[in-house]
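All chains, full assembly: derive it from the sequences and hints.
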Amino acid sequence: GAVVSQHPSWVICKSGTSVKIECRSLDFQATTMFWYRQFPKQSLMLMATSNEGSKATYEQGVEKDKFLINHASLTLSTLTVTSAHPEDSSFYICSAFRLAGEGSNEQFFGPGTRLTVL
Amino acid sequence: GEDVEQSLFLSVREGDSSVINCTYTDSSSTYLYWYKQEPGAGLQLLTYIFSNMDMKQDQRLTVLLNKKDKHLSLRIADTQTGDSAIYFCAESKGGYNKLIFGAGTRLAVHP
Numbered sequence: 002g003a004v005v006s007q008h009p010s011w012v013i014c015k016s017g018t019s020v021k022i023e024c025r026s027l028d029f030q031a032t033t034m035f036w037y038r039q040f041p042k043q044s045l046m047l048m049a050t051s052n053e054g055s056k057a058t059y060e061q062g063v064e065k066d067k068f069l070i071n072h073a074s075l076t077l078s079t080l081t082v083t084s085a086h087p088e089d090s091s092f093y094i095c096s097a098f099r100l101a102g103e104g105s106n107e108q109f110f111g112p113g114t115r116l117t118v119l
Numbered sequence: 204g205e206d207v208e209q210s211l212f213l214s215v216r217e218g219d220s221s222v223i224n225c226t227y228t229d230s231s232s233t234y235l236y237w238y239k240q241e242p243g244a245g246l247q248l249l250t251y252i253f254s255n256m257d258m259k260q261d262q263r264l265t266v267l268l269n270k271k272d273k274h275l276s277l278r279i280a281d282t283q284t285g286d287s288a289i290y291f292c293a294e295s296k297g298g299y300n301k302l303i304f305g306a307g308t309r310l311a312v313h314p
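These protein sequences, in sequence, are chains Z and F.
Per the working numbering, residue 2 is the first one in the first sequence, and the count goes up by one each step.
Per the working numbering, residue 204 is the first one in the second sequence, and the count goes up by one each step.
Source of the hints: derived by calculation from the structure; they are not laboratory data.
All figures in this text were calculated on a predicted structure; none of them were measured in a lab.
Mixed in with the good hints, there may be bad ones.
[What the hints assert, rightly or not] One-sided excerpt, in silico: chain F residues whose CB lies under 8 Å from chain Z:
id	residue
1	Leu246
2	Leu248
3	Phe291
4	Lys301
5	Ala306
[Unchecked claim] Only part of the chain F face toward chain Z is listed, based on derived beta-carbon distances under 10 Å:
id	residue
6	Gln209
7	Leu211
8	Tyr236
9	Tyr238
10	Gln247
11	Ala293
12	Gly305
13	Gly307
14	Arg309
No residue lacks a Cβ here, since even glycine has one placed at the ideal position from N, Cα and C.
Right, dumping it as structure tokens:
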């Protein structure tokens, strides 16, 4: 099956520091990856669409200078939370899009990264 | 606009069937999905249905789609304690289009 990993699985940082989260598709190539944010007991909110070799497309209300996305290869996308503040504490989930043939169009999700900013 | 709604909580007894409901507003949605999320984990795709289908069955899971009413349901037969999780429905237009998620239904299975 298609596996997506995220690293780290959890991170605690001080306010004002930057944190990088990696999303890797382990056994398939992903031209498109998505970054989501999930607050406790809430749904996933799409932050941005990451396309390999081009700039990410951010959803309305998401600061692109604060959440830097790089999709340098077909198997790796990174999300960097710059100058993190306590309100950035959340569960960040990535997904990788794999064209699986007719009727699927499946996104495979990573296990998530829990960020806590002190 | 885009909106997906679900009831937030469902409690069932082990062995009974669970039915989780979802409504959506975008009639141009092509694919409708059900995802399962266990505590502290990412999402696992359970099943999906193409918009030109009415029903899809996969082992204990049955998905019903009423396109006229924009209503989607997931039935889990013989619900087990391992089915306790949050279930999200989602819609998309397919291709590289983004998924729009509902708020999730928390399923609690008790003995």
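Hints versus structure:
Because the beta carbon of Leu246(F) sits about 4 Å from the nearest beta carbon in chain Z, less than 8 Å, this interface hint is met. The beta carbon of Leu248(F) is positioned within 8 Å of a beta carbon in chain Z (closest approach about 6 Å), and the interface hint is therefore held. Checking Phe291(F) against chain Z: minimum C-beta separation of about 7 Å stays under 8 Å; hint holds. Taking 8 Å as the C-beta cut-off, the interface hint given for Lys301(F) holds, the closest approach to chain Z being about 5 Å.
With its C-beta approaching chain Z no nearer than about 5 Å, Ala306(F) sits inside the 8 Å limit, and its interface hint holds. Because the closest C-beta pair between Gln209(F) and chain Z is about 9 Å apart, less than 10 Å, the hint holds. The closest approach between the C-beta of Leu211(F) and any C-beta of chain Z is roughly 8 Å, which is under the 10 Å cut-off, so the hint is satisfied. Annotation: Tyr236(F) was flagged as interfacial toward chain Z, and the flag holds, the nearest CB pair being 9 Å apart, inside 10 Å.
A hinted interface residue such as Tyr238(F) counts as satisfied when its beta carbon comes closer than 10 Å to some beta carbon of chain Z; here the least separation is about 8 Å, so the hint holds. The interface hint given for Gln247(F) is met, as the beta carbon of that residue sits about 7 Å from the closest beta carbon of chain Z, less than 10 Å. For Ala293(F), the suggested interface contact is upheld, since its CB lies about 9 Å from the closest CB of chain Z, less than 10 Å. The interface hint given for Gly305(F) is met, as the beta carbon of that residue sits about 6 Å from the closest beta carbon of chain Z, less than 10 Å.
For Gly307(F), the shortest C-beta to C-beta distance to chain Z is roughly 6 Å, which falls under 10 Å, so the interface hint holds. At about 8 Å, the closest approach between the beta carbon of Arg309(F) and any beta carbon in chain Z falls short of 10 Å, and the interface hint on this residue holds.
The structure shown violates none of the earlier numbered hints.
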